[in-house]
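Sequence lines, in order, name chains R, V, A and D.
Residues 18 to 257 (the numbering used here) make up the first sequence, in order.
Residues 18 to 257 (the numbering used here) make up the second sequence, in order.
Residues 18 to 257 (the numbering used here) make up the third sequence, in order.
Residues 18 to 257 (the numbering used here) make up the fourth sequence, in order.
Honestly, the hints are just simulated from the structure, not real lab data.
Note that the structure is a prediction, hence the values are computed from the model and not measured.
Glycine included, C-beta positions come from ideal geometry on N, C-alpha and C.
Take the hints with a grain of salt, since some may be wrong.
Unchecked claim - Far from chain A by the CB rule (all over 12 Å, computed), these chain D residues:
| no. | residue |
| --- | --- |
| 1 | ARG22 |
| 2 | ASP52 |
| 3 | THR65 |
| 4 | ALA150 |
| 5 | PRO154 |
| 6 | GLU157 |
| 7 | GLY204 |
Stated by the list, open to error - Here are some of the chain V residues that sit facing chain R, going by a computed Cβ distance under 7 Å:
| no. | residue |
| --- | --- |
| 8 | ASN35 |
| 9 | SER39 |
| 10 | PRO69 |
| 11 | LEU128 |
| 12 | LEU129 |
| 13 | GLY130 |
| 14 | ASP176 |
| 15 | ASP181 |
| 16 | ARG203 |
| 17 | THR247 |
| 18 | ASP249 |
Stated by the list, open to error - Ranges between beta-carbon positions, derived for each pair:
| no. | chain 1 | residue 1 | chain 2 | residue 2 | range |
| --- | --- | --- | --- | --- | --- |
| 19 | D | PRO160 | V | ALA140 | 20 to 28 Å |
| 20 | R | LEU20 | V | PRO242 | 50 to 58 Å |
| 21 | A | ALA40 | R | GLU167 | 38 to 46 Å |
| 22 | V | ASN139 | A | GLY241 | 29 to 37 Å |
Protein chains: 4
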Amino acid sequence: MALPRLLVWNEYRHELQNPEVSAVYPDGIHEAIADPLRQRGFPVTTATLDQPEHGLTDEVLNGADVLLWWGHKAHEDVSDAVVERVRRHVMGGLGLIVLHSGHYSKIFRRLLGTTASLKWRNARERELIWTVAPGHPIAEGIPNPVIIPEQEMYGEFFDIPTPDELIFISSFAGGEVFRGGVTYRRGLGKLFYFSPGDQEYPVYHHPDIRRILRNGVRWAAPSGPRLELTADPHPTGWFE
Amino acid sequence: MALPRLLVWNEYRHELQNPEVSAVYPDGIHEAIADPLRQRGFPVTTATLDQPEHGLTDEVLNGADVLLWWGHKAHEDVSDAVVERVRRHVMGGLGLIVLHSGHYSKIFRRLLGTTASLKWRNARERELIWTVAPGHPIAEGIPNPVIIPEQEMYGEFFDIPTPDELIFISSFAGGEVFRGGVTYRRGLGKLFYFSPGDQEYPVYHHPDIRRILRNGVRWAAPSGPRLELTADPHPTGWFE
Amino acid sequence: MALPRLLVWNEYRHELQNPEVSAVYPDGIHEAIADPLRQRGFPVTTATLDQPEHGLTDEVLNGADVLLWWGHKAHEDVSDAVVERVRRHVMGGLGLIVLHSGHYSKIFRRLLGTTASLKWRNARERELIWTVAPGHPIAEGIPNPVIIPEQEMYGEFFDIPTPDELIFISSFAGGEVFRGGVTYRRGLGKLFYFSPGDQEYPVYHHPDIRRILRNGVRWAAPSGPRLELTADPHPTGWFE
Amino acid sequence: MALPRLLVWNEYRHELQNPEVSAVYPDGIHEAIADPLRQRGFPVTTATLDQPEHGLTDEVLNGADVLLWWGHKAHEDVSDAVVERVRRHVMGGLGLIVLHSGHYSKIFRRLLGTTASLKWRNARERELIWTVAPGHPIAEGIPNPVIIPEQEMYGEFFDIPTPDELIFISSFAGGEVFRGGVTYRRGLGKLFYFSPGDQEYPVYHHPDIRRILRNGVRWAAPSGPRLELTADPHPTGWFE
Numbered sequence: 018m019a020l021p022r023l024l025v026w027n028e029y030r031h032e033l034q035n036p037e038v039s040a041v042y043p044d045g046i047h048e049a050i051a052d053p054l055r056q057r058g059f060p061v062t063t064a065t066l067d068q069p070e071h072g073l074t075d076e077v078l079n080g081a082d083v084l085l086w087w088g089h090k091a092h093e094d095v096s097d098a099v100v101e102r103v104r105r106h107v108m109g110g111l112g113l114i115v116l117h118s119g120h121y122s123k124i125f126r127r128l129l130g131t132t133a134s135l136k137w138r139n140a141r142e143r144e145l146i147w148t149v150a151p152g153h154p155i156a157e158g159i160p161n162p163v164i165i166p167e168q169e170m171y172g173e174f175f176d177i178p179t180p181d182e183l184i185f186i187s188s189f190a191g192g193e194v195f196r197g198g199v200t201y202r203r204g205l206g207k208l209f210y211f212s213p214g215d216q217e218y219p220v221y222h223h224p225d226i227r228r229i230l231r232n233g234v235r236w237a238a239p240s241g242p243r244l245e246l247t248a249d250p251h252p253t254g255w256f257e
Numbered sequence: 018m019a020l021p022r023l024l025v026w027n028e029y030r031h032e033l034q035n036p037e038v039s040a041v042y043p044d045g046i047h048e049a050i051a052d053p054l055r056q057r058g059f060p061v062t063t064a065t066l067d068q069p070e071h072g073l074t075d076e077v078l079n080g081a082d083v084l085l086w087w088g089h090k091a092h093e094d095v096s097d098a099v100v101e102r103v104r105r106h107v108m109g110g111l112g113l114i115v116l117h118s119g120h121y122s123k124i125f126r127r128l129l130g131t132t133a134s135l136k137w138r139n140a141r142e143r144e145l146i147w148t149v150a151p152g153h154p155i156a157e158g159i160p161n162p163v164i165i166p167e168q169e170m171y172g173e174f175f176d177i178p179t180p181d182e183l184i185f186i187s188s189f190a191g192g193e194v195f196r197g198g199v200t201y202r203r204g205l206g207k208l209f210y211f212s213p214g215d216q217e218y219p220v221y222h223h224p225d226i227r228r229i230l231r232n233g234v235r236w237a238a239p240s241g242p243r244l245e246l247t248a249d250p251h252p253t254g255w256f257e
Numbered sequence: 018m019a020l021p022r023l024l025v026w027n028e029y030r031h032e033l034q035n036p037e038v039s040a041v042y043p044d045g046i047h048e049a050i051a052d053p054l055r056q057r058g059f060p061v062t063t064a065t066l067d068q069p070e071h072g073l074t075d076e077v078l079n080g081a082d083v084l085l086w087w088g089h090k091a092h093e094d095v096s097d098a099v100v101e102r103v104r105r106h107v108m109g110g111l112g113l114i115v116l117h118s119g120h121y122s123k124i125f126r127r128l129l130g131t132t133a134s135l136k137w138r139n140a141r142e143r144e145l146i147w148t149v150a151p152g153h154p155i156a157e158g159i160p161n162p163v164i165i166p167e168q169e170m171y172g173e174f175f176d177i178p179t180p181d182e183l184i185f186i187s188s189f190a191g192g193e194v195f196r197g198g199v200t201y202r203r204g205l206g207k208l209f210y211f212s213p214g215d216q217e218y219p220v221y222h223h224p225d226i227r228r229i230l231r232n233g234v235r236w237a238a239p240s241g242p243r244l245e246l247t248a249d250p251h252p253t254g255w256f257e
Numbered sequence: 018m019a020l021p022r023l024l025v026w027n028e029y030r031h032e033l034q035n036p037e038v039s040a041v042y043p044d045g046i047h048e049a050i051a052d053p054l055r056q057r058g059f060p061v062t063t064a065t066l067d068q069p070e071h072g073l074t075d076e077v078l079n080g081a082d083v084l085l086w087w088g089h090k091a092h093e094d095v096s097d098a099v100v101e102r103v104r105r106h107v108m109g110g111l112g113l114i115v116l117h118s119g120h121y122s123k124i125f126r127r128l129l130g131t132t133a134s135l136k137w138r139n140a141r142e143r144e145l146i147w148t149v150a151p152g153h154p155i156a157e158g159i160p161n162p163v164i165i166p167e168q169e170m171y172g173e174f175f176d177i178p179t180p181d182e183l184i185f186i187s188s189f190a191g192g193e194v195f196r197g198g199v200t201y202r203r204g205l206g207k208l209f210y211f212s213p214g215d216q217e218y219p220v221y222h223h224p225d226i227r228r229i230l231r232n233g234v235r236w237a238a239p240s241g242p243r244l245e246l247t248a249d250p251h252p253t254g255w256f257e
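Next comes chain R alone, as it looks inside the complex (with noise of 0.2 Å):
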């Protein structure tokens, strides 16, 4: 089975106006999580907010398998017209990872139908990820706990539907619990959210969350072919 060809959209912003992140990732948070994924082969383009279109036009989405989103402090300038095309794609089949703060983005919102609000604090704290579904493709081969040095904190309530299934609960040093490893399905598109990951912590170099996000581009990945949803609503089923 070819390996999935997998998408990386980024934000892009923090790293141009910030030099304590540029510190962090250089070339982008994109090609932080990029990178690893090349060099284990899979097929990677990224896609950044300032592209126009965002990088995110029907023929790119059309040649990705799955796309892996990361958005913190731009979610309001995204359009609406691509947010609305993306999530045609997932319905249709595209696999989607989002990752931290991309937690309120329009996309990710708009899937859940929640609010994703969630406490916070930036204070350098440890994460600990603990497995709670260890026979979970997503899993495999993660020790228990992920040890994360310094971390945001992100901490219950968080505002998300039920998930579908439950793969990792983090802990923080002060005490809170965050469901940070969930999936969801929508249309014929697989959806897994993961928490750790900021633009001023290397999360994205640490070899345990590299190995997570391997896993979870797999396992995201479409199993067949893709649909396309042609009118939404639509007048009658459209997955015949």
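Once you have looked at the hints, place chains V, A and D on chain R.
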């Protein structure tokens, strides 16, 4: 425990425009739903599409514990602002029961994130409603199966997220099946979708359907005080 | 709606053998659980391991709507016949609340099918109980988090089936997390496992824990009449 | 990724005792299941009830990644010790596919904790299998619906725990519905129950059924190394 306060919302156009529908529901579908609940002691009010703000002001919504929603051919006439208002109330704890063709309503699709598309055929077919969660309060006292002599067919694939609870599965004379009784949580709110019920058939006069609605509103009522969502996305957690 | 009739079952050996435990629970853990429920008006009886048939005859079980189960070091002394009897009643609708070290009880493991193994450490650690299903009736009125100053640690991986509902997640001072409040349905019966509570700590005197138990028994009570499972495996369906 | 090693277990008594069954399955149901999988390149072995230890020694079980189980009238002849052995292997990661009347097998009921009772009628009825999770790998390439011209009816209420994933729902000519394709996790093991398939009907010769089994064994195969459960209940966590 006091009975929950109910608000029945109806598009209320078929009944005014189509003599065949008004023959089945002379006072409107909303009254056919509201009246048997009133007779059981529930405080019930109604609202309809063509009232100002569709009858769904903040004040009206604050006065209800559970909102029942019936719409069919005029989903697009419901204003986005009112849909967003209803959504905020659901997130804060308002119970919501979406009926039949309400699967295509803006509020249902907005809360679920999917297209909610399905197969359908209007051919006066027998529907059998099978209980698959017999201990659930919504199924209390319901025969297995409930028999609806004539109905519109709704069939799979029904493009909804994995339900939190699957309570009823229908079969139709043509052989289709349908997940017609499902629940979800969104924020603090409980959501029950129940498919039987069409403007052409006297489904809401059926005693078992009435009992399911009675069970449903009790289940969907909030367990505690409602919260108010002041901004969405909120800068930090709002359930604190 | 009348309050459900409760039956609190306790192994009741620590309290008789260990002065440190009897200092915390002088009348037995069962009375520490039963008494505040009685004060709220619930009809409550108790039963203990060393009574004939462990105090769990068919007659006693028929007289209860919800059974609360506390056991720790004598799980193997519970007879298989009684476990099977309790299981039959749960399948027929008896609510079951399994507490703390009851995760290793025969009845819990028999109903779930897994080992229910977990990590533990007894080191007087702070436990924080976070609500992740704030609209659920079991979470009604519960602060987020509940703070237990000293507790035994229970940690993941907790080998349980995917819960039907995940309501509470605990963190411990040592950094572990635990799915400590989970629900399941088995047959017509509702099952709530709640981890806090140990013979060495005054956890059952904590007002928030008492409220969770109060909410839990209301939730677990059967919605309708109980059924009797006459043979298992039954030659054909028994919920008809 | 190498194809998983499969072990097909069959009661293998109908075929030896009943000419009508041996006419449909001359080499046994196990060979009807095994042969098309072998032709697709899977390494497949078989085992049957009347072999020593039912052909299910630790060595044989260690040599398989996925076990397929077909049994019907001799469930009680399977020794408890072998059932417990299989259960230990499943907890440690062995995939398990339980077929048709295997719903009443000791291993299935032991892993689920319920009676697994259902309604049935043997009347050569048409079964339609509808996909309700079209993006799931087990549904890949499967038409909607699959048509089985003649089958034994299995109907709700099917007394199983809430499935982790509901993939297929069947309807029958008599109007019944059945959750006939469901998945569970138990420990590290993945479990798929699939109802179609009876000794009197050539269901396992049907190309869509074969494809579902092919998809199923791929899905159920362990993602990583198997673990060994050395004691149950284990004094502390065993997934560490």
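Report task. List in ascending order the numbers of the hints, as given earlier, that are violated by the structure. Result -> As far as the earlier hints go, 7, 8, 9, 10 and 17 are violated by this structure, in ascending order.
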